[in-house]
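Asker: Take a look at the letters that make up each chain.
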Amino acid sequence: MSEATASHEGITGLVDDWAADKQAYHVPWGKAMMWIFLVSDTFIFSCFLVGYLNVRITTTQPWPPQSEIFALSFGGDPIPLILIAIMTFILITSSGTMALAVNFGYRKDKAKTFWLICATAAFGASFVGMQAFEWTKLIVDEGVRPWGNPFGAPQFGSVFFMVTGFHGLHVSAGVIYLMWVALRVKRGYYDDKGFEIVEIAGLYWHFVDLVWVFIFAFFYLL
Amino acid sequence: MASAEGQQHPLGIYYKIWILLFVLSGFSYAVDYFEVQGALRWTLVITFMFLKAGFIVAIFMHAVWERLALVMTILGPPTVLLILIGFMSIEGNYTEGLRFDYMGHDRDAVALTPADLHGEEGDHGGEEEH
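Those sequence lines, one after another, are chains A and B. Here our numbering is used: the first residue of the first sequence is 1, the next is one more, and so on. Here our numbering is used: the first residue of the second sequence is 1, the next is one more, and so on.
Chain B on its own, in the form it takes in the complex:
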């Protein structure tokens, strides 16, 4: 699969991935629509997200057919971001703890919803933990 001549592949694979991306997006939306909460929500949303991202990069952007030298250049550097994400979440949790413990912030504050503000009688969806 010499990429110097360009990436030519049968159309069928594009249609299949296209449909798959629709289905996965539908699943992601269904997670919200059926109000799946907690750890299951995170697991499902992140799984569908990585599957979609993987198929877009691999098939639509042709990464599976590229040589490893190019693939490493594309996917290698962004992996260091995992360290940044790890550091920032540790630091973030520490900061949040300090604010609760020493600045007297309310641990049980609840967000308002558009229904609360526009004076409608609506169920309270704001108790989502973050």
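So that you can see chain A by itself, here it is in the shape it has in the complex:
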């Protein structure tokens, strides 16, 4: 880190950073590693989504109407896609609290950081809870299975369980990770080491939100 001081910006900076025998990324190693992990995770999710694109194009059976299948009634007429919309807003809210946690972490405001990370984890946990409710409704009430469903193309079920399941797993892992970081922040573990870890955990959390943006658009809306 010492001899490798970033000098130029832009294209010149890009060439400088790659051309010499020195450190390429002027960030803490944990952050560079998290980014590289996220790039690899991008490829996993992309494979799922491209697989979905392919089966959705190739199937000759009509695609089930997501808007109605994911509708929910609060006593009156079913409101289309309402649960998914609420889940989307919850995940964005959690992204916001996480961004604030990163900021207060760098200000060394441990109490605010701790509570903001806890809030993020709580929103994440409620997201997983709603997903469990959604899965239950689909499996028990609507009879959707990974190999078939009463509405149309059987691929609907396999894509749904695969993609939302893998995303839900990421959210669940994120909640555990965040709680772990939050407890260590509270205990003062990072007082000397610095609070980059909050930003690194934040990168993971924002990535989970980012993936949901694509799932929401491609699986639920289109």
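Treat the hints with care, as some may be off.
Computed list of lysine to any residue pairs in SDA-like fashion (alpha-carbon distance at most 25 Å, straight line) [unchecked claim]:
#1 B:Lys16 - B:Ala63
#2 A:Lys137 - A:Phe37
#3 A:Lys22 - A:Phe37
#4 A:Lys186 - B:His118
#5 A:Lys137 - A:Leu169
#6 A:Lys186 - B:Pro10
#7 A:Lys193 - B:Ala63
#8 A:Lys137 - B:His118
#9 A:Lys108 - B:Gly12
#10 A:Lys112 - B:Gln7
#11 B:Lys16 - A:Asp109
Just so you know, these hints were derived from the structure itself, not from any lab.
Given chain A, work out where chain B should sit, using these hints.
Answerer: Chain B alone, transformed into the frame defined by chain A:
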């Protein structure tokens, strides 16, 4: 903006982006709620999606403040996915055509809705083309 010291920015920008993400999600949901269909639906949903994704990566994940070497590492490799998407959609359309032409699959099949199955009198929303 040396990132070795961490990403510190005024809180205001986070609040603004936060609100913007809410608004964009609201717009996406409105597209479905008001049953916008066809090319307009695709255009709107994908535009809002890329705007949301862009703001999350740029501001919340601090990509605009990172050095280009890191940004290229993050955004460069995933661009090859565009080729995969292109290939798979060409191949997919070909496969679908074969199934219609040689396997006798029904071109006019219509999906069922929960209302059809639960015996309620509901309007048919299943004619959505994919």
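Asker: Each hint should be assessed against the structure and marked as holding or not.
Answerer: Hint check results:
no.	hint	in the structure
1	B:Lys16 - B:Ala63	holds, 17 Å
2	A:Lys137 - A:Phe37	violated, 33 Å
3	A:Lys22 - A:Phe37	holds, 22 Å
4	A:Lys186 - B:His118	violated, 52 Å
5	A:Lys137 - A:Leu169	holds, 19 Å
6	A:Lys186 - B:Pro10	holds, 23 Å
7	A:Lys193 - B:Ala63	holds, 23 Å
8	A:Lys137 - B:His118	holds, 14 Å
9	A:Lys108 - B:Gly12	holds, 18 Å
10	A:Lys112 - B:Gln7	holds, 17 Å
11	B:Lys16 - A:Asp109	holds, 22 Å
In the structure shown, a violation is registered for the earlier hints numbered 2 and 4, in ascending order.
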